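There are 2 protein chains.
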Amino acid sequence: MTTDPRPFPGTPLGDTIAAVRPRDAAAERAARERLARMTKPPGSLGVLEDVAAQLAGIAGECPAPLPTPVAVAVFAADHGVHAQRVTPWPQEVTAQMVANFARGGAVVNAFAAQLGADVVVVDVGVATSYAVEPTDRLLSRKVRYGTADLAVGPAMTVEEARRAVEVGIEVALALAADHGCLVTGDMGITNTTASAALICAFTGADPAAATGRGTGVDDPTLARKVAVVTRAVARVGERPTTPERALAALAEVGGLEHAALAGFVLGAAAARVPVLLDGVIAGSAALVAAALCPPAMQHALAGHVSAEPGHAVALRALGLRPLLGLDLRLGEGTGALLAAPLVAGAARALQDVATFDSAGVTQKSG
Amino acid sequence: MTTDPRPFPGTPLGDTIAAVRPRDAAAERAARERLARMTKPPGSLGVLEDVAAQLAGIAGECPAPLPTPVAVAVFAADHGVHAQRVTPWPQEVTAQMVANFARGGAVVNAFAAQLGADVVVVDVGVATSYAVEPTDRLLSRKVRYGTADLAVGPAMTVEEARRAVEVGIEVALALAADHGCLVTGDMGITNTTASAALICAFTGADPAAATGRGTGVDDPTLARKVAVVTRAVARVGERPTTPERALAALAEVGGLEHAALAGFVLGAAAARVPVLLDGVIAGSAALVAAALCPPAMQHALAGHVSAEPGHAVALRALGLRPLLGLDLRLGEGTGALLAAPLVAGAARALQDVATFDSAGVTQKSG
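In the order they appear, the protein sequences are chains A and B.
Numbering (the working numbering) for the first sequence: 693 to 1058.
Numbering (the working numbering) for the second sequence: 693 to 1058.
This is chain A alone, in the form it adopts within the complex:
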């Protein structure tokens, strides 16, 4: 039995997967060599030396261009599993927050304003109406009005999942044309439930260990949430390791914003632009992206590790070390946005810092 080397032929998803390349090993080696000659003790920049080398590998040149300007795409969608009473928040809050993002009133807007980053909101499946009109900063790309209830059946069709993935690809490619760093953002009441289901489906984790309190649910609600995740994951069966089965698992237990985020990661990788992952929603979507196209994850960095327990499970499975750990559990892209200056600093150091030779600084003996 042979696997088709080109999954999803004739689709934007298939074309994007085919376009993704691994990082450039020569550029990465050149970065490591330059880091060793810079006027600082060897290795003293810790994790940022790995980041600097990764950026060179992504860009295919050393030093890498600065990962600026930064754009965060906030993918918004609703979830049929809301009917299972797994959250105390009304579903309308997704649409209300879309309006809040559009007016610049949310935390992601404040962080973006402080950092000079752009915010784009993408409605990929909001269930209710909102009181603002689409603009070039609020894109209407609705695939359906919220998913079906993943507790009782598939959240969406495989075709819908692919279309939502392709929304993410489209947004990433457009933003990559004039941005040096893409940041994942998300909004969707109940989306930590779908995230936990994806994490369990793609890693084999125990639903009790990977399902968390999200925006703050009580014990009975958490118990319902774990039961829902357990039932949903059972329908997926064994861990999806091929692109086709990954897309099917996404359709079965995921969300429309998860699908779009998986596509966003693929699009960034195809465009050779670093993508900073936010919290548990992005982490679960990245598991899908990794199964759709393993080399795509070489272009991703984990902005932070959130307080939601499934996030650490996902990051371990992805082999990503988070840059920040601030007990954030907000989503919207907030944690990843805060990590963007660290990534830019690593790139700037690789570009600017003098070497021992050029600066006339003596190296240590022995």
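Hints in this document: simulated from the structure, not taken from any laboratory.
Computed from a predicted structure; not experimentally measured.
Glycine included, C-beta positions come from ideal geometry on N, C-alpha and C.
Derived DEER-like restraints, expressed as beta-carbon distance ranges:
no.	chain 1	residue 1	chain 2	residue 2	range
1	A	R724	B	A901	30 to 40 Å
2	A	R795	B	P757	17 to 27 Å
3	B	G845	A	G808	51 to 61 Å
4	A	P734	B	K1056	49 to 59 Å
5	B	G896	A	R777	52 to 62 Å
6	B	P912	A	T1054	18 to 28 Å
7	B	A926	A	K1056	22 to 32 Å
8	B	R937	A	P734	35 to 45 Å
9	B	R721	A	A728	44 to 54 Å
List of simulated lysine to aspartate or glutamate pairs, EDC-like, C-alpha gap at most 16 Å:
no.	chain 1	residue 1	chain 2	residue 2
10	B	K834	B	E862
11	B	K1056	A	E784
12	A	K834	A	E862
13	A	K834	A	E851
14	B	K834	B	E851
15	B	K834	B	E852
16	A	K1056	B	D910
17	A	K834	A	E852
18	B	K1056	A	D910
19	A	K1056	B	E784
Go by the hints and put chain B onto chain A.
Leaving out everything else, chain B in the frame of chain A:
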């Protein structure tokens, strides 16, 4: 027996200590109340909610002004304990790096350029000459040409220690006039040895546990370093808890840049400007500042925790949670500079984010 409520009367140090006030509890409460009404789940900004409240308490108003622009002061000095072969780096590297800072070639310059921060280098005790002239960005405030060897006797006189502390105060007050956030920086070959001695003297920690490899020393060098720290700390005796004994301990086993950094923290606190602490050098100096003037530490934040083991010991003793943990061990102010955008983000969120009422977003039920 009564303690003089005004230590060091008639000196800039005494005046500064007298000027330091605790944080404003009312402003801090107002910040907590606003954070609870902002359009986000309660507590979802994690550590940054504490930062936002602290900034309001420091400024005495809610929301606090943005902690910008940022200035990092790099205090440079040499150490007589270099004679004990506790580092593989020649002492001249301190002066060479001062020239590198002045020319903009060091990592601290790269990070500052990326963040739009100002860098000021302060020679408070460099032992050898450097090939650049003083400017308003390279201040000559030399108290002496390096300390004496703390392995065999006092590193400096108490009078010299006080003068170096007052250099730090002067620099902090000058920078606070036109900056919203001060960042500690340091350069001094062998200064992790003096830092370990201060940490052990002020916390009672075991020299074997608090002394690290600094810029990367081998096992025999580390053993010599621990032995030197053990001998030096024995001369200090019991933990210094009064301002006078803190200054004496600083003079006995500290460094001139440690003294200046302690003063820098006091000056920032007196000016009600937040001060971001860098690594183990700043952490050990902050222990001195805390003993000189306990309320001063209410105005400090720990930018990161470094790979040097004594740093975590110091932060625990100070009750500070570091914002970053990236295995940095460079100094210069690099780790604290990277944390500055997080602090600014917290302040910006407190200023900008809409409340549930104002944005028309429904709160969770129950």
